[in-house]
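Asks: Single-letter residue listing:
2 protein chains.
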Amino acid sequence: HDDDNDGDGEDVSPAAERLRYILSEDDDLPTPTLFTEMDTLQREGDELEWKESARWVKFEEKVEEGGERWSKPHVSTLSLHSLFELRTCLQTGTVLLDLDGYSLPQIVGELYPRQIEEGMLSPDLRGKITFVLLRKHRHQTKKPIHRSLADIGKSSSSTSEISHANLFSHSWLPESDMSPVFLQLKNKFMKKIPRNAEASNVLVGEVDFLNKPFVAFVRLAQATTLGGLTEVPVPTRFLFILLGPQGKAKSYNEIGRAIATLMVDDLFSDVAYKARDREDLIAGIDEFLDEVIVLPPGEWDPKIRIEPPKKVPSADKRWEFYHPAQRGTEISELVYHELGEELAFTGRFCGGLYLDIKRKLPWLPSDFYEGFHIQSISAVLFIYLGCITNAITFGGLLGDATDNYQGVMESFLGTALAGSVFCLFSGQPLIILSSTGPILIFEKLLFEFSKNNNIDYMELRLWIGIHSCLQCFILVATDASYIIKYMTRFTEEGFSSLISFIFISDAIKKMVGSFKYYPINTDFKPDYVTTYKCECLPHTSALSNSLNVTALDWSQLSKKECLKYGGSLVGKSCKYVPDLALMSFILFFGTYTMTVSLKKFKFSRYFPTKVIRKLISDFSIFMSIMTFVGLDMLMGLKTPKLIVPTEFKPTRPDRGWLVMPFGKNPWWIYLASFVPALLVTILIFMDQQISAVIVNRKENKLKKGCGYHLDLFWVGVLMAACSFIGLPWYVAATVISIAHIDSLKMESESSAPGEQPQFLGVREQRVTGILVFVLTGVSIFLAPILKFIPMPVLYGVFLYMGVASLSGIQFWDRIKLYMMPSKHQPDFSFLRHVPLRRVHLFTLVQIICLAVLWILKSTFLAIIFPVMILGLMVVRKMLDMVFSQHDLAWLDDLLPEKEKKKKDDDKKKGKDKKKSRPDNKEEEVRQLKLCCPLKYLCPHCSITGWDTALWKQPHALCHGAVCCGLRTGYSIQWRTQFHLLGQSIHTL
Amino acid sequence: HDDDNDGDGEDVSPAAERLRYILSEDDDLPTPTLFTEMDTLQREGDELEWKESARWVKFEEKVEEGGERWSKPHVSTLSLHSLFELRTCLQTGTVLLDLDGYSLPQIVGELYPRQIEEGMLSPDLRGKITFVLLRKHRHQTKKPIHRSLADIGKSSSSTSEISHANLFSHSWLPESDMSPVFLQLKNKFMKKIPRNAEASNVLVGEVDFLNKPFVAFVRLAQATTLGGLTEVPVPTRFLFILLGPQGKAKSYNEIGRAIATLMVDDLFSDVAYKARDREDLIAGIDEFLDEVIVLPPGEWDPKIRIEPPKKVPSADKRWEFYHPAQRGTEISELVYHELGEELAFTGRFCGGLYLDIKRKLPWLPSDFYEGFHIQSISAVLFIYLGCITNAITFGGLLGDATDNYQGVMESFLGTALAGSVFCLFSGQPLIILSSTGPILIFEKLLFEFSKNNNIDYMELRLWIGIHSCLQCFILVATDASYIIKYMTRFTEEGFSSLISFIFISDAIKKMVGSFKYYPINTDFKPDYVTTYKCECLPHTSALSNSLNVTALDWSQLSKKECLKYGGSLVGKSCKYVPDLALMSFILFFGTYTMTVSLKKFKFSRYFPTKVIRKLISDFSIFMSIMTFVGLDMLMGLKTPKLIVPTEFKPTRPDRGWLVMPFGKNPWWIYLASFVPALLVTILIFMDQQISAVIVNRKENKLKKGCGYHLDLFWVGVLMAACSFIGLPWYVAATVISIAHIDSLKMESESSAPGEQPQFLGVREQRVTGILVFVLTGVSIFLAPILKFIPMPVLYGVFLYMGVASLSGIQFWDRIKLYMMPSKHQPDFSFLRHVPLRRVHLFTLVQIICLAVLWILKSTFLAIIFPVMILGLMVVRKMLDMVFSQHDLAWLDDLLPEKEKKKKDDDKKKGKDKKKSRPDNKEEEVRQLKLCCPLKYLCPHCSITGWDTALWKQPHALCHGAVCCGLRTGYSIQWRTQFHLLGQSIHTL
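Going down the list, the sequences are from chains A and B.
With this note's numbering, the residue at position 363 of the first sequence is 692, and numbering never jumps.
With this note's numbering, the residue at position 465 of the second sequence is 794, and numbering never jumps.
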């Protein structure tokens, strides 16, 4: 009664054909997710009862009998045996599809007629089976701890076993319905099950009155809640019952596991919902068997529970085959190196800027309300601390460089102003503005130049700012940002690792500096403490100079006063400061180490909920800072603390808040400042846009788009504004921006037990950024609190930021490969496709470039730093001559013109069978799908999915439509075999 | 022509029957291990060639085409497809068994006759096939790095591809034979292959001239080296060739992988060696299919490479089934709580001691020559440092307690003497003797007692030693150590974690102490350095006292001198010592942290060879010590250093080296000292034997046995000896002994790629122990070197030792469970069998016991410390009333009488079907094997191995021999199915 494969033109296995028919019928409603529970019949004392033994949402969770607990979710490993036995069960047993059932006794009553009719079951067993099937169900539920404590007195585990579990009375009796329902509702497992889920119940057990197994598979017309049948309040749609003669419990269990695993299979559950008859179900099993993965018995122990994989194959691909109409619609584009339409050259005046605004405007409301989330608090704290550390550091350095024309006060004010304006109006509010090294060096050189040539620094700077702002506007108006397209991973990595190294080296330099600032007296001998002192002796000349001085009590003077009054310090202990250097080191290293350890806490097993672990991880920096601030306060040592200006006035008393554009310099200076402004513009443009590219990376899964032109526009405006008020200039800071992104990453709540949480994207909003900068501004008033933070703690945070931003870079992974023997190297995809020596060579080029950049940065050439990034792009261009495009596609991205060329080539190659490479997968899939619309059509494709990664020569498969008609060799044989196998089992 | 399953009494599948027949034939020679190489036909330029694409020793290693490298070893995941296709291939193709082949061309020549005869192959294709089969073979070999560098200039990877690999010319031509053989011999992979291995070569490829596949399976009569066919110089025994029409390369590859996986399967390779005909091979595949593990397609991505498991199922179990004669011989005993025959009560005078000597004597030579190993060096250094730290610490404390009657000098000497004698003659030379806390407390109390009562301490102590020694002899002579049997894991864990806590708390106390010893001036203000000084002012009374004193230059005196001459120290800096406390902390914490990190290095990916990683891990403590000693020297601070006595004389000048027994105390003291001696004896007995039990634990896999009686004998002798020379008393030190064991652990060199190294045991020898104590003795002369070691570094080592010995204890794992939510808990086997709340309760009892012990230890009751261990044993006895024996068997060990009872019970229960529990596995296996001698005999056992863990109710399976004859339900059906399946494939 099975339709045969009698050459109907299409060479599809009958099972597949069946499935295609039923699955393509109506796709209006997606089938609900199935929760499967398996109960086994057990004797508890003198009572028979159904005890839950396993459950599936996607993966299997087993009840550990002895441990009275759930196992971890794991992949169900089955035996071929059980699958074949299940197939037989479905062939011989009762199959009732779309039964109108409202209660368990009624459903059970419907099961026998056919079996009795066919003589499979003697009518007198009916009562016994009904009795067994209506026994109460006991579920494995969590026991509250106070009840566990009550058990302590009980010595034997066997006597207390019954009381440990929640017993359900006969669930179909209305009077006792409340209890199981109440327990069901209390079950916290419910939140792991999707809202619209339905249940399938598998009941297996051995009884003494049967000598042949009794099997039934029931699909209800409507999903119905059958009392306490299921542990969660989910309506039951499917019922599988297997009762058999005694002695084969283990085998029945395995069959139960097999049907349960099938029921949670995406494809089979679809089949089960849509099956018209028994044969459709059998066809579903056959197709399942067709796709199973087999492990050899000698290489794997079946007792090992396999942890759920990070990613399971998408059901869509498998499903697609049965929906010929929908095929080809979901082809995802192969993304070579896509920066998105944001960087397209519009050719119109301000075309890019217009598009940026048009793109970002609709998101504006959500940019605010999406910011209200607990995660934002930790992000704000983290970035705030980074920002003020930066502001203080650069403020201090700028103050030194410009004779306090721009000091810490200006730095704070500028950061707050520029940052909040940028976060409010920019195209990419996740970018954090900050002073950067190149700007600092430029200011330093400019100040020296002005001083030497008697030019007024502030006025000159104002004009440079104005010019630079105008130049930025020109760049914006002409869509010049599109050249960022030529910046590949090579350039990005070079830039961002350079910045990371600067962070790391600065942090370490500062730390080492404190050993110089607080020298340790290494010759100190505790016993000779009497010989260490430091006395202030009046200088002989000072003595004679003034009467005032002689009147001083020299021994009471502090070190500074002593030197001020011209005294000299004499003694062994004068140049040493005890403890502070070592304490600084402990604070610095402790903060760094603790942050690193706490970050790892997310993956630890401790603490009850994921939320707490995530909080600890998110707040790791904050907690480390608090811990070491606390330690520092406890010790009470005078370690260097964060100093925040407390009064709102320019650092240098002789300047006001506004800089006047005219009056102090000759007129030609106003025009000539165009030239240095050009340098500043290039510097700002490169610095800003590279950081933006890094932030906008595809991996970050940003959804609201970016706005390179809009960003640059605002940077230009802020340039001019800051120049007028005499504040430092600001551009995007790579490391802090990355930290900002990282602290706002969202992960999915994993639904099915065992499923991995997915990275969903970044909480894109403007609130965190604005808050950070408002706080920075307010910090001037927070000085009483902030003054407790020791500087070494902040250097520790700096070190962490540098290391953390380095560790995400592929370049760094490749450097580590140098130190690993090849057999221990991780399974990076580029290692599968590019020979190791080419990888090493590419890395070496990057290292050399970086070394050159580092050396240049350390000299006065630092000012042309952004131009050097252009140099990196030239080096990358030259790499095209050394590396094949194939290798570069894996290690880097392709340059736009090459990419276009390669795409063209691929199209050409598509016609040339032999030379095609497996990299241009998408093209292959497309061609294959065009030519071979059905999976089994071409006898050459003896594989089961649309997965091109498995094919070596896909074009050979679809060399026109000709080959599709061929019927040779093994694949026909295989199908015939399988078909026969099907029949041989049918006929049993 | 397949013999049918026509009711021949035994219900075995025909395939299994076939296998049993051929496998049981002659078992004289074990079949060699097979190395399998798969080569695929590829077009390189215009040339066809065979390129190695994968290899198997046990697991699969694939050639990454693009990456030109070997993948990591992984479990071969196959598809059912390919296995069935392979089955068809073997049915239709040429199968030549025991072919006399000496070269590839000759073998190829033998392949055609049958195929041509049967019309499967047209004769004109013969030449073409021969041509293809004799193409050269290219193997994936490692490329030397200098050659890789030479490639740098080449831009296209495609042009350089040919030159990258080692091309073999036609290997059967004698003139070119040298090159491949040379390359084969150079191949370092050879050392991964067992010595007697043979090769099986799998050749698959698609050609354009065939329209039907050409298949051949060849077994050579003698394994023959066929030139460059194989990458390693291993003779080829099997050849599988599959050539087919174009377009199905992927499918051929999968078939090739399937046969290769089968060839390395322990059971199938046996079948392949012994097969008489084609049907035997098919039967082998069928049995393989019978055992495979199936993963559902929706839960596992076939592209994921599965890492080899830690343990694979033993081939013996699978093999056993086919050797009915040998079955039942290899039943491994279920070990309940076995301390071995060493603790049997002989009932004879000195019976235990005699047996100990008899047992250990034969090992004596190997105890010496086995000590010469690189690992011993690190062990000696590690333990040496532990020992001298211990000797110094206890020496110092004893000196304090006994008014220097026993000081550091005595401690060093005693440690050296007692330790080396014990290591030379004892029953368990891995035990390290040391002073312990209880002894220290006893000495302290004894000294105070003597002093208050005017009794000579040394003479009293001598008499106590003599009495105690005699009491030890009595204990030895009466085999009293057998009571150690009653010490279960509960007691051991209590004892060893208490000792670990003492180590940890001592280390931390010492560290905190240094903050007291070197107080930090937290009020120090760097600016007011002028106000800090410490002046020595002469005391007014001192001034008037003597003229001598006034002549002193008071300001030149050191602190000590000042106080000595009665001066007083005045000034702010007098009571402070800068830097030393913080530096000590850095050294302490740094040593600990670095040791922990380096220990983990063994599992890291870095460094070329495992040897170096292992060295780093073994020497971690030494390297940490060296690093921080170096740092300390670099800083040059006066941190407290290790002080070793340099002159060989008693610490107290008024005592000599020998203690005279008579003369100083009244005569009755000689007799009365029997009472305190009894306390000492109990103390020593418990301390010694518990440590010995911990060292002799089953987990350590000691092979040379132990000697509790012999150990105690020598401890007694050393007691007396040390008392005569006036040295401290010594017993086994738990923590250092565990560290000794840990540093001598051996692991197997993993043979097949992907196989996990196994813990083999401990390097049991006397050399390391002796060297440690000789070095300790010599240390008196090493003072100039040792004096550079700062004490905080040694405290760091102490901390590490305490933490490390704690982390191996199950008790500690269970404590951690308190802090984990149950779904994150690791998969401990006891958690599968004991409810979590019982586990928690058990742990709680242990914690309480430990807390009580800790409190007692801190009071004067510490002297009855060993008696408290007896208390632990009483608590354990009471636990029998609270916990079921089942739970205790998992969490602890059973007490001897309970164990016996439980065994008896199990025997009784064996007759009572319902109540049997899966824990007493061995009994079940035994019974099952007795009753069901054949695997398929009982239709109820629908599983394939002798693995009892899979069965819930094994007794039900073998309820007498009755059930074995039944033929009901599914298992018969399954077998018939499988048989039919076999036939359906046969008949194609």
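Calculated from the structure, these hints are not laboratory results.
Among the clues, some could well be false.
As the list claims (entries may be wrong) - Examples of chain A residues lying across from chain B (beta carbon under 10 Å, computed):
{"no.": "1", "residue": "Glu-439"}
{"no.": "2", "residue": "Tyr-441"}
{"no.": "3", "residue": "Arg-443"}
{"no.": "4", "residue": "Leu-591"}
{"no.": "5", "residue": "Asp-852"}
{"no.": "6", "residue": "Val-906"}
{"no.": "7", "residue": "Phe-991"}
{"no.": "8", "residue": "Leu-1223"}
Beta carbons: idealized from backbone N, C-alpha and C, even for Gly.
Asks: Measuring from the C-beta of Glu-439 of chain A to each C-beta in chain B, is the shortest one below 10 Å?
Replies: Given a least distance of 24 Å, the restraint on Glu-439 of chain A is violated.
Asks: Please check whether Phe-991 of chain A passes as an interface residue: C-beta within 10 Å of a C-beta belonging to chain B.
Replies: violated (46 Å)
Asks: Does Asp-852 of chain A hold up as a contact with chain B if the rule is Cβ-Cβ below 10 Å?
Replies: holds (7 Å)
Asks: Would the stated hint for Leu-591 of chain A survive a check requiring a Cβ distance to chain B of less than 10 Å?
Replies: holds (8 Å)
Asks: Does the nearest C-beta of chain B fall within a distance shorter than 10 Å of the C-beta of Val-906 of chain A?
Replies: holds (5 Å)
Asks: Does Tyr-441 of chain A hold up as a contact with chain B if the rule is Cβ-Cβ below 10 Å?
Replies: violated (19 Å)
Asks: Holds or violated: the hint that Arg-443 of chain A contacts chain B, with Cβ atoms closer than 10 Å.
Replies: Constraint on Arg-443 of chain A not satisfied, violated at 20 Å.
Asks: Can Leu-1223 of chain A be said to touch chain B, with a Cβ gap under 10 Å?
Replies: Cβ of Leu-1223 of chain A sits 15 Å from chain B, so the hint is violated.
This entry does not satisfy hints 1, 2, 3, 7, 8, going by the numbered hints stated previously.
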